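Chemist: Residues per chain are reported as follows:
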Amino acid sequence: MRALEQELKQLIIDTLDLEDIGVDDIESDAPLFLDGLGLDSIDALELGLALQKTYGVKLDADSEETRQHFASVTALANFVESTRGQ
Amino acid sequence: MIDTAQCEGISLNIQQWNAWLPGVVGPAACAQWAEGALALDLEAKPDVSAVPSMLRRRLNGVGRLVATVLWDMVPQASRVPMVFCSRHGDQARTLQLMAELAADEPLSPAAFSMSVHNAVAGVLSIAKKADGPMTALAAQDHLVSTGLLEAWGQLQQGADEVLVVAYDMPLPDTYEHGVCVEPPFALALRVTLAAGQKIAGNWHSTQEPCPQHEGVEWLRWLASDRRELTLGGESQGWHWLK
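Quick mapping for you: the protein sequence lines, in order, are chains P and Y.
Position 47 of the first sequence, counted from 1, bears residue number 47 in UniProt numbering, the numbering being contiguous throughout.
Position 118 of the second sequence, counted from 1, bears residue number 118 in UniProt numbering, the numbering being contiguous throughout.
These aren't lab readings, by the way, just hints derived from the structure by calculation.
Fair warning: this is a prediction, and the values are worked out from it, not measured in the lab.
Backbone N, C-alpha and C fix where the C-beta goes; we use that ideal spot for every residue, glycine too.
It cannot be assumed that every hint is accurate.
Straight-line alpha carbon distances no greater than 20 angstroms define the calculated EDC-like cross-link-like pairs of lysine to aspartate or glutamate that follow [unchecked claim]:
id, chain 1, residue 1, chain 2, residue 2
1, P, Lys53, P, Glu81
2, Y, Lys45, P, Asp17
3, P, Lys58, Y, Glu228
4, P, Lys58, Y, Glu8
5, Y, Lys128, P, Glu81
6, P, Lys53, Y, Glu228
7, P, Lys58, P, Asp20
8, Y, Lys242, Y, Glu228
9, P, Lys53, Y, Glu100
10, Y, Lys129, P, Glu7
11, Y, Lys128, P, Glu7
12, Y, Lys45, P, Glu81
13, Y, Lys129, P, Asp35
To be clear about the criterion: a stretch of chain Y counts as covered by chain P if any three or more of its residues have a C-beta under 8 angstroms from a C-beta of chain P, and this derived list gives those stretches [said to hold, decoys possible]:
id, stretch
14, 48 to 56
15, 104 to 114
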């Protein structure tokens, strides 16, 4: 498993106060929102802010691309990595 | 028995109540505490393990106080009107947001969403899928009395029962000057005009000093076998009978 995915899982847990969840409980390919981890729209905003602070990436709250980036931990890791290459 | 000639204010009936003070949990413990047989344990924290973790994480100090007294009193899909009363609300969270603003930091969306006065009501209504009318009040020195006055009004308008919950926590040290600081407390009351323990309250003009701990004094009276309670205030006092 990629180190960045592990790092993002820890960031999600710390940022969103997921008290009872550990890194191993989050599947990289599972949906983060609704049926998967069960995050909501406030979590999306909070996570967007944490990604901005930690990795300097900017996310447009309304864009369809942002939805795709937030689909799973793997998608987020791909997105963060792609911005590093720029 | 209540002499109605003495009290023309409001009267209602308590069907059920629950309360939390640090180290004093539930009506039986409150009765012991009111007798002086049980002391507060200021280190004690409310037990909110019944709240699903994905919602519990949104509740901090005051939210956990409310959840611990109210959780078992609200059935799933309840439509009972609820009145949430807190003088200060979640002031620690507001202060944190103001500090972030002052430091030119971006605000936490989650902290912002929970900083409004009715945020706790929102989280609990989601957790219980309860879609009854919700009211959030901020009263100054008569928190419980004001909540009961609001509930009485809703009962007059046709509600069968109303849940009133009054709660507060000490303010952060930044605000220490000139404000009565109660110990953390939460009191939930299910009131109705039908059967229950009858109480009657009335208000009057007064300049008597406000009780340091109005919510706690009201709870102490409720849990005791004392019949009367008189509360002063900056411009208004309350007199309660049971």
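Chemist: Look at each hint and say if it fits the structure.
Modeler: How the hints compare with the structure:
1. Among the hinted pairs, P:Lys53 with P:Glu81 is consistent with the structure: their alpha-carbon atoms are about 15 angstroms apart, no more than 20 angstroms.
2. Proximity of Y:Lys45 to P:Asp17 is assessed by CA-CA distance (about 18 angstroms); at most 20 angstroms being required, the pair is judged to hold.
3. Among the hinted pairs, P:Lys58 with Y:Glu228 is inconsistent with the structure: their alpha-carbon atoms are about 62 angstroms apart, more than 20 angstroms.
4. Using a Cα cut-off of 20 angstroms, the hinted pair P:Lys58 and Y:Glu8 is violated, with the two alpha carbons roughly 62 angstroms apart.
5. Between Y:Lys128 and P:Glu81, the direct Cα distance comes to roughly 40 angstroms. Violation of the 20 angstroms bound is thereby established for this hinted pair.
6. Taking the CA atoms of P:Lys53 and Y:Glu228, the gap is near 57 angstroms; set against the 20 angstroms cutoff, the hint is violated.
7. For the suggested pair P:Lys58 and P:Asp20, the alpha carbons sit about 29 angstroms apart, so the restraint of at most 20 angstroms is broken.
8. Simply put, Y:Lys242 and Y:Glu228 have alpha-carbon atoms about 7 angstroms apart, close enough for the 20 angstroms limit, and the pair holds.
9. Simply put, P:Lys53 and Y:Glu100 have alpha-carbon atoms about 14 angstroms apart, close enough for the 20 angstroms limit, and the pair holds.
10. Restraint check for Y:Lys129 and P:Glu7: the C-alpha separation of about 35 angstroms exceeds 20 angstroms, so the hint is violated.
11. Straight-line distance between C-alpha atoms of Y:Lys128 and P:Glu7 comes to about 34 angstroms, which puts the hinted pair past the 20 angstroms bound.
12. Distance hint between Y:Lys45 and P:Glu81 is unfulfilled; the C-alpha atoms sit about 43 angstroms from each other, more than 20 angstroms.
13. Under the criterion of a C-alpha separation no larger than 20 angstroms, the hint pairing Y:Lys129 with P:Asp35 is consistent with the structure, at around 18 angstroms.
14. Counting residues of the stretch 48 to 56 of chain Y whose C-beta sits closer than 8 angstroms to any C-beta of chain P gives 3, which meets the bar of three, so the coverage hint holds.
15. As drawn, the stretch 104 to 114 of chain Y meets chain P at 5 residues by the rule of a beta-carbon pair under 8 angstroms; at three or more, the given contact holds.
The structure fails hints 3, 4, 5, 6, 7, 10, 11, 12 (numbered hints given earlier, in ascending order).
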